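Colleague: Heads up: the sequence lines are chains A and B, in that order. Be aware that the first sequence starts at 1, since it is given in our numbering, and climbs by one per residue. Be aware that the second sequence starts at 115, since it is given in our numbering, and climbs by one per residue.
No lab work stands behind these hints: they were computed from the structure. Possibly wrong hints are sitting among the right ones.
Said to hold, decoys possible - Examples of chain B residues toward chain A, derived with CB under 8 Å:
{"id": "1", "residue": "K156"}
{"id": "2", "residue": "G157"}
{"id": "3", "residue": "P158"}
{"id": "4", "residue": "A159"}
{"id": "5", "residue": "L160"}
{"id": "6", "residue": "F203"}
{"id": "7", "residue": "N216"}
{"id": "8", "residue": "L217"}
{"id": "9", "residue": "F219"}
{"id": "10", "residue": "K221"}
{"id": "11", "residue": "G222"}
Stated by the list, open to error - SDA-like, lysine to any residue: derived pairs with alpha carbons at most 20 Å apart:
{"id": "12", "chain 1": "A", "residue 1": "K24", "chain 2": "A", "residue 2": "M69"}
{"id": "13", "chain 1": "B", "residue 1": "K119", "chain 2": "A", "residue 2": "M69"}
{"id": "14", "chain 1": "B", "residue 1": "K156", "chain 2": "A", "residue 2": "I5"}
{"id": "15", "chain 1": "B", "residue 1": "K221", "chain 2": "A", "residue 2": "D86"}
{"id": "16", "chain 1": "B", "residue 1": "K156", "chain 2": "A", "residue 2": "P8"}
{"id": "17", "chain 1": "B", "residue 1": "K129", "chain 2": "B", "residue 2": "F153"}
{"id": "18", "chain 1": "B", "residue 1": "K156", "chain 2": "A", "residue 2": "M69"}
{"id": "19", "chain 1": "B", "residue 1": "K129", "chain 2": "B", "residue 2": "T201"}
Said to hold, decoys possible - So these bits of chain B aren't anywhere near chain A, every CB distance computed over 12 Å:
{"id": "20", "residue": "K172"}
{"id": "21", "residue": "K207"}
{"id": "22", "residue": "S226"}
It should be emphasised that the depicted structure is a prediction, and the values quoted were computed from it without experimental measurement. Where a beta carbon is used, it is the ideal one built from N, C-alpha and C, also for glycine.
This is what each chain is made of:
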Amino acid sequence: DAGVIQSPRHEVTEMGQEVTLRCKLISGHNSLFWYRQTMMRGLELLIYFNNNVPIDDSGMPEDRFSAKMPNASFSTLKIQPSEPRDSAVYFCASSFGSSGGTQYFGPGTRLTVL
Amino acid sequence: QQQVKQSPQSLIVQKGGISIINCAYENTAFDYFPWYQQFPGKGPALLIAIRPDVSEKKEGRFTISFNKSAKQFSLHIMDSQPGDSATYFCAAKGNYGGSQGNLIFGKGTKLSVKP
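Next comes chain B alone, as it looks inside the complex (with noise of 0.2 Å):
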């Protein structure tokens, strides 16, 4: 129930494509999904968030749809850069409990926007 599911592993994409990244979820009590960038060598820095009384959030190229009902929520990346080739990590926080401030993370997701 603590898991966060994220796919694919791995994303190439060319130039100006979209990028489309899934995750999906068990625990209802999450309350906060955050999306994190890391580049190589580099610690993962906030993108974007939602919570769930919304089913979408855009700041500039970057959209997080979510659907509530199927658990499951998406990184869309319009118009895809070189400079956007960082592996992206879904995350998910409950407020409940002593896990209050815990973030649970996906997998990640390594993408390469080919030039």
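One chain only, chain A, in its complex shape (with noise of 0.2 Å):
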């Protein structure tokens, strides 16, 4: 079975310009989880959908950042304008159940904002 695929896997930016980063869940997940790893602030949660629905998007930084689930297997993360404190390791996750169950992590988009 195909894990958590995320893409790009690297990108490179100017700031100002429109990122977009693509998510596809592991085949009969219902919750997805978009993660941002950073060495000083560590994996921080950005939303976390379940069912389509976002049920939690404290911490999307601002307005700048949008998340959306177009279908139930697939997510896109996107950033506008970026910035280069939006270089990071941006991961998405997915899990069964909306209480519990694994996060399977995808292998990360490393995003670097010149």
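Got two chains here, each in a separate frame; can you build the complex from them with the hints?
Modeller: So, in structure tokens, the structure goes:
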């Protein structure tokens, strides 16, 4: 079985540009989590969906960040406009169930904003 | 109350030694405590997890010890091997309100096992 799939794996962009990160959930999973990892702040939860509905977006840093689930198996995280402080590794993870279950992480997207 | 405090930040252990990583939490509503292992360039992966109704869980060389009254839990890696060198994250999850699925992660411990 394929795990969580993220694309692109690496993204280098210039400040002010729009960045879209993509995530495909494991088949049958219905919860989706977006995380950001930096040396300074560790692993931070940005937003969490259950059955395509955003449940908790309190970790989204500001209005420049938006996340969607256009269908049950796919999600996007968009940053517009991007800033150098957004440079980080972004992970998505999926799980089955609304209150538990192991979270399976994707390989991450390393974003560099120049 | 939502924090999980992890220590140490980094740990160097000789091959064959015991690695111990500690975590502490405040929120008594947490009811699931997993440990994740992350290798460079990879996403975190579940290593072992415990619920607060038991005080210890062992899987191979990996053991979680859980102290509910002290609100602390720890990961012990017995007979540490160079292949165990990775970053380890403790986490906690509560089954309450709108955050039923959220994991709260510690800051991570970078483990290096020297041959």
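Colleague: Determine which of the earlier numbered hints do not hold for this structure and return their numbers in increasing order.
Modeller: The structure conflicts with hints 13, 18 and 21, although it agrees with all the remaining ones.
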